[in-house]
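Peer 1: Line by line, the protein sequences give chains W and P. Residues are numbered in my numbering as their position in the first sequence, beginning at 1, plus a constant of 33. Residues are numbered in my numbering as their position in the second sequence, beginning at 1, plus a constant of 33.
None of these hints come from the bench; they were simulated from the model. In this text, all values refer to a predicted model and were calculated from it rather than measured experimentally. Incorrect hints may appear among the rest.
Identical chains share a label here; the pair holds if one copy fits it or two copies do between them.
Claimed, not checked - Below, in silico cross-link-like pairs of lysine to aspartate or glutamate (EDC-like), each with a Cα-Cα straight-line distance of 20 Å or less:
| no. | residue 1 | residue 2 |
| --- | --- | --- |
| 1 | K216 | E318 |
| 2 | K116 | E181 |
| 3 | K216 | E336 |
| 4 | K116 | E176 |
| 5 | K96 | E176 |
| 6 | K219 | D79 |
| 7 | K96 | E71 |
| 8 | K216 | D79 |
| 9 | K303 | E336 |
| 10 | K219 | D262 |
Number of protein chains: 2
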Amino acid sequence: MQTASISQFDSRPAAKPAPSIEPLRALVANDMDAVNREIIARMASDVSLIPELASHLIAAGGKRIRPLLTLGAARLCGYGSDKHVLLAACVEFIHTATLLHDDVVDESDRRRGNATANVLWGNQPSVLVGDFLFTRAFQLMVETGSLEVLRILAGASSEIAEGEVLQLVIANDMTSGEAEYLKVIKAKTAALFAAACRVGAVIADRPLAEAQALDDFGHNLGIAFQLVDDALDYASDGATLGKNTGDDFREGKITLPVLLAFAKGNEAEKDFWRRVIERPEEQAEADWQQALAYMERHGAIQETLARARHYGQKAHQALGLFAPGAVRDAMAEAVDFAIERAL
Amino acid sequence: MQTASISQFDSRPAAKPAPSIEPLRALVANDMDAVNREIIARMASDVSLIPELASHLIAAGGKRIRPLLTLGAARLCGYGSDKHVLLAACVEFIHTATLLHDDVVDESDRRRGNATANVLWGNQPSVLVGDFLFTRAFQLMVETGSLEVLRILAGASSEIAEGEVLQLVIANDMTSGEAEYLKVIKAKTAALFAAACRVGAVIADRPLAEAQALDDFGHNLGIAFQLVDDALDYASDGATLGKNTGDDFREGKITLPVLLAFAKGNEAEKDFWRRVIERPEEQAEADWQQALAYMERHGAIQETLARARHYGQKAHQALGLFAPGAVRDAMAEAVDFAIERAL
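Chain W extracted, bound-state conformation (with noise of 0.2 Å):
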């Protein structure tokens, strides 16, 4: 594991206690013991393999952020009936495919702490049980009964493969740009945090207003997430997060703090991120201490950390449009969670 250096992070006033995901946990806990339950109901197949595989990466938890979100909003919409568990189960599902595939596809080998599927039993198996993970949430929106929820989870869906696809396409490209990156990340991640928060509305059958706004909350909460992440994976410690601490790097992903440190470089510089980025299998142990140090010289990791605030943001206005209470301050409180955390 690489010790990084963090000390970027630490701007943050001591004093307020650091924003939590735990009061939106605590409000919806039913559920989501329910959702839990329901989830490892529908992982089951007389093909063990299956369940074997599919819970190696749902048993290692994870925040779940995805199905809390769900949950919350349908709370939020006032929904009284149990539909919404399903379709919390059902988002955590697609999440879990594309991370299958996401794994093989960047030949990753840990993930939540954990080595990957992809590394215990194969890449075989981790495309065949991400899809079957995949037409399982199918299944579970078919029993919603609500071809608008469908409609909307097919969307966002089909949108994060394009998203992938995408981001395949631009990965080791150092001449694509910031406007291709937010594609992706909007496409990938946004996407589904989108489209997990607005079926709540749709389940509990509330008016348009309620589903935009709580579609615009998830879309930019997501952008915030994935924009941390990046950050993240620039600073924080493997052993901590369960992800890989350079991972991205490693990979010549393409990320905003790369983009940033490319962008404020001078000529050396921009040499050093096309060669690190473009051929990362020739990467040097030195490159990694070297692209941290170029990275904290122009603010890169400050910058994407004030770019997420700004989507936050925008998530907290988005809000506005609910009655106050317990449940809206915990959906607010879970997106200065999702910044936060960074620091």
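Please arrange chain P on chain W, whose structure you already have, making use of the hints.
Peer 2: Leaving out everything else, chain P in the frame of chain W:
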């Protein structure tokens, strides 16, 4: 390309003209043109790699037997609107998505006479474009506005994925038997044939009995189709079918011809099958001809084709519920075509 002994296939009286899928194709020709336009329109994406890669496989043709069946089933049910076109395109997208993932999983290098997408573009885009096509399929389903259609096709998709995992689990395992083989082909092939036919009755709003009859028809046709495919892998010429003869053998795939030859073989033959199937990477040049000779000795191909005819008969019977006429005749002939293409 290996030259295969095809003498064992030549047992049909010479007089009768070969059954053909052309009558069905002619009956739904206009609809099929609409399906092809829909397919091209729905592959579109700003991410140009998506239509490039998808059209490589889709343009290469193949028989489009699944969408033909959907169109035929809708016609048989007297359907008069245009949603069957969406459904047929959707069924072909599901099929294409599974082919893309199959070729990655099997490490295939040829399909429909061309190099596979995974060879031309690599595994990563093949996985992701497969995902994309799959999501597009669901978007098409949503547009039909029928939750029952979604239920059927989501269920079939899930069964396919489950079957693919099972196939992977029992690959190279000579202790797996006919029961497991049948389970695999029912899931990976018959499920989509059954769904492709059934949705024709659903979209036409016909009684459950007709939906069930078309389901039975497609299910049995699908099993017959796969049995013949598995027989052809040990006989046909790669240049004709666009599939490498001997692919299954080289991958150590357990198919019925192998299971039958193994069951009827003496101890030396059993040792041979265990060696070539369990450790296909150690196969020698002469093993392929040896395998063909053992199969011929025990009539393994003929027996596989006899089983296919048995399922074909069941498919014919399922059509009995429908009024006689050109459409029913064409659907019946499609069954015979699926079987007799082996001769």
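Peer 1: List in ascending order the numbers of the hints, as given earlier, that are violated by the structure.
Peer 2: When the structure is compared with the hints, numbers 1, 5 turn out to be violated.
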